[in-house]
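Peer 1: Whole structure, please, built from the sequences with the hints as guidance.
2 protein chains.
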Amino acid sequence: MALIVQKYGGTSVGDIERIKNVARRCIATQRQGHQVVVVVSAMAGETNRLLKLVSQITSRPDEREQDVVVATGEQVSIGLLALAIQANRGRATSFLGDQCRIVTDSTFSKARIRSIDAGRIFQALKKRRIAVIAGFQGTDEEGNVTTLGRGGSDTTAVAIAAAMKADACEIYTDVDGVYTTDPSVCPAARKLEKISYEEMLELASLGAKVLQIRSVELAMKYKVPLWVKSSFSDDPGTLVCEEDQSMEDVLVSGIAYDKNEAKIALRGVPDVPGVAAQLFGALDGKAIVVDLIVQNVSKDGKTDLTFTVGKADLVKARDVVKKVAKSIKARGVETDDQIAKVSIVGVGMRNHSGVAAKMFQVLAGEGINIQMISTSEIKVSCVIEAKYTELAVRALHTAFGLDRQDAVAAAS
Amino acid sequence: MALIVQKYGGTSVGDIERIKNVARRCIATQRQGHQVVVVVSAMAGETNRLLKLVSQITSRPDEREQDVVVATGEQVSIGLLALAIQANRGRATSFLGDQCRIVTDSTFSKARIRSIDAGRIFQALKKRRIAVIAGFQGTDEEGNVTTLGRGGSDTTAVAIAAAMKADACEIYTDVDGVYTTDPSVCPAARKLEKISYEEMLELASLGAKVLQIRSVELAMKYKVPLWVKSSFSDDPGTLVCEEDQSMEDVLVSGIAYDKNEAKIALRGVPDVPGVAAQLFGALDGKAIVVDLIVQNVSKDGKTDLTFTVGKADLVKARDVVKKVAKSIKARGVETDDQIAKVSIVGVGMRNHSGVAAKMFQVLAGEGINIQMISTSEIKVSCVIEAKYTELAVRALHTAFGLDRQDAVAAAS
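If you read the sequences in order, they're chains W and G. Those letters in the first sequence? Residues 1 to 412, by this note's numbering. Those letters in the second sequence? Residues 1 to 412, by this note's numbering.
Among the hints, a few may not be true.
As the list claims (entries may be wrong) - Derived DSS-like pairs: lysine-lysine, alpha-carbon spacing no greater than 27 Å straight-line: (1) K52/W - K52/G; (2) K322/G - K20/G; (3) K52/W - K20/G; (4) K165/G - K127/G; (5) K20/W - K52/G.
Rather than coming from a laboratory, the hints here were simulated on the basis of the structure.
Peer 2: Written out as C-alpha cells, the structure is:
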C-alpha cells in the first residue's frame, strides 16, 4: 500500500463530466490498494472570471481582499469533487487550506507555504476516505486567506506530499508528460520517461510551462518523486526525480525557448567599479526582474552592458536605464523586443565538453546570429532574433539526437 | 456615535454597479459618525448557480460538501464589497464566518449559530475600518464549513448585532419596508412605520417573505431594533421593535396569505386516546411538518381529523396517512391542494374581542366558505378555496381599515 498525492489542474476539472472522470480515477487508485490524497485547482476559467469581477471594481486591488475572492474557485472544486467521489460510491472529505493547516507567510497573492499539519488528512485516510484538498490557498498566522500565485496548486500538492512523506506525487494535466521540447514547434519532440529535478527546474524556468517552478524546487528539496501525467489517458507520463546514471549518459535532455523577453543594451559604459551595482540596484528598486546579463570586455575604458527583462517590463526598465545612463555618462541605450532565448538543458553536460560549441555550430549552420550567450552547469542559453526561434529549436533538437525514432526513420 | 449593523441581500449586491452602490451607502453611514458592520449575501443567482453544479453531480448531496460549495457565494461578495469600499477611499476588512468565530452546530445546510466572538470585528472598527462580514455561513466546533439555510444572512446580521450590542440592525432589501399585505395582491397595501417582533414573526411565518423567521426570533430575544429598508431608496423603512401603546390601539396590523399548503382530512376516526399521537408521530417520523390541525367534536364515537402540510410533502404525507388510516380503521382519506390560508395579525387582538367574528363576517359577505379555522393570541387564520385568496385579502384589508389613505379617498 502506497500513499499517493494526486493533483488535477483546471482543465482536468473544467466541467462536471471531467470532475466525474477525476472522481473515477481517484477511486481506481484507491481500489489498487493505495491511500489517496487529491489536490485540485479551480475549474478552468473560474479564476479568470473572479479576477475579472475584481478588475471591474478597481485596477489596483488590495491583495488581501483579492485573495478572499479568488480562493473560492478551489473551494467550489473540492466540494464538487468530494460529491462526485461519493456519487460513485467512494468515500471522501474535502479540506480547505485552513482546515489542513496550510500556514503561509502574509505575502498575499503569492504567499509561500511555511508549514502543514496533516493530522486531519491522516485521520480521514485512516477511515478509508479520499482526502480532497484545495490547492493554491492557505491562511497566514492570523487566519487571513492567502493564495500561492498562478500554478500554486502544484506547490500545494508537493508540499502535502512532502509533509505526509508520500510515496509519489502525481501531477495530472492536459499533456501526458514532459517533452524534449514544445511539440507544437517541433513535431519530432519526444516524451521523456525520466528527467532530473535540476533539468526540470531549468526547463520550467525557461518557459516549458508544465510545472510551477516552486513545486519542482520543493520536490527536489524533500526528494518527492514527481510524476507528470495526463488526466485524459493512461500513459505512464514522465517521472521527475533525482539524477541517475542513465540521465548522465545523455548530453542534452530538452530544448526550451522563451519569446517573452526583451533586450536592453547600455553602450559606452565607463568601466569603473560600481556601475553595474548602480544600474541593477535601480531596476530592482522598481521590482523589475532581470534575466540574462552580459558584459563585454572593455575597450578604451568603455564597455557595453546588455541584459534581458520581461517584455511587460520593457517600458518601465528603459526609463530607469535612461536615467542611469545619463548620470554615469554612458553613450546610449538601445532596446529590442524582437528576440528569443533558446536553451539546451541536460545534466550530462557536467561530464561532457563541447556541448556549447556544438550548439553554436548548429545555429551558425542555419545562418542564425547569436546576440547573447549565457551558460550554467547544466544549460546553455542563446539570445537570437525572434523570427528564427522555431528553426533553431528544430535544428538543435535533431542535432542533439532528441528526435523521436519514427520521425528519424521517416526522414531517412 | 452609534454602532450600526447593515445587511444587504442578494439583489442589493446583484452586480458590480450595485456593489459599488452598497459601498457608497456604507461609507455614507460611517461619515455620519457611526461605526459600520456590514453583512452581505451572495450575488443574486450565485447560490442557485452553485446548487445547480451540485445537482449535476448528485441528487442527494452530502450536506457537508454542499455547504463547502455554496458558502463561496458570500465569500466572493465580501471580497468585492471590501474592494469597492476601498476604491471609494473608504477603509474595509472582510471577514469569513470562521474569521469572526461564528460557531454553529453541525446541522449542515441549516445550522444554528451557537456563539460569535466579535473581537476581531471590534479591532477593525477601532481602526476606523468598515467590517464586511459573510452572511449565511459559519463553522462548527470542528472547523467544518456550515451554512444557515435560505435567508440565513438576516440571521447572521441580527446575531452579530446582538453579540456586539449594536444600536440598530438594518436589513436592506429590494422593498422599502414591511407592508400591511402583499402589494401585488392588494394595491391599497400600506407600508408600516413600526411593527412588533411578534407580529413580524406571525407575518414572516405566514408567508410574507421579508425577513427570515429565525432572525426575527433572535432580534426579539436580544431586543435588537431591526429596520427593514430598501437599498435603492432613502425611505426610512419599517422598524421592527418591542410592542408599544400605539400598536395596541390597532386591531389588525397586517394580512398574510399562503398558497403553498395542502389539506388532508381523515374521516371517521375512532375517537379513542392515542389516535392523534399515532398519526402525527408517523408524519414526524418522515420529517413532514404539519401546520394547522383541526379536530371536530365526535359523533357516534367517530370524529374527523383535518390538517395541512406543505404542498411539496402532500404525496409523501398521503401515503403515511393511508397506512395509519388502515391500521386504526378510519373511514377514508381526502386531500385537497387547491386551498389557501389567509390570516389577520395584530397585537391589538389581545385587548379587543370580536376580531375573529368580524373576519368570518367579511369572508361570508364575499361568499367565501371557511374550511378550517385556527387562532392564536395575535392572529386568526382561515383556510379557504385557493381561487378566493386575492378577494379575501383585499376585503379583509379594507374591512380592518388598513387601506392607504389615498386609496380610500380615491374609492370614496
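Peer 1: Are the hints correct? Go through all of them and say.
Peer 2: Structure-based check of each hint:
{"no.": "1", "hint": "K52/W - K52/G", "verdict": "holds (22 Å)"}
{"no.": "2", "hint": "K322/G - K20/G", "verdict": "violated (56 Å)"}
{"no.": "3", "hint": "K52/W - K20/G", "verdict": "holds (15 Å)"}
{"no.": "4", "hint": "K165/G - K127/G", "verdict": "holds (19 Å)"}
{"no.": "5", "hint": "K20/W - K52/G", "verdict": "holds (15 Å)"}
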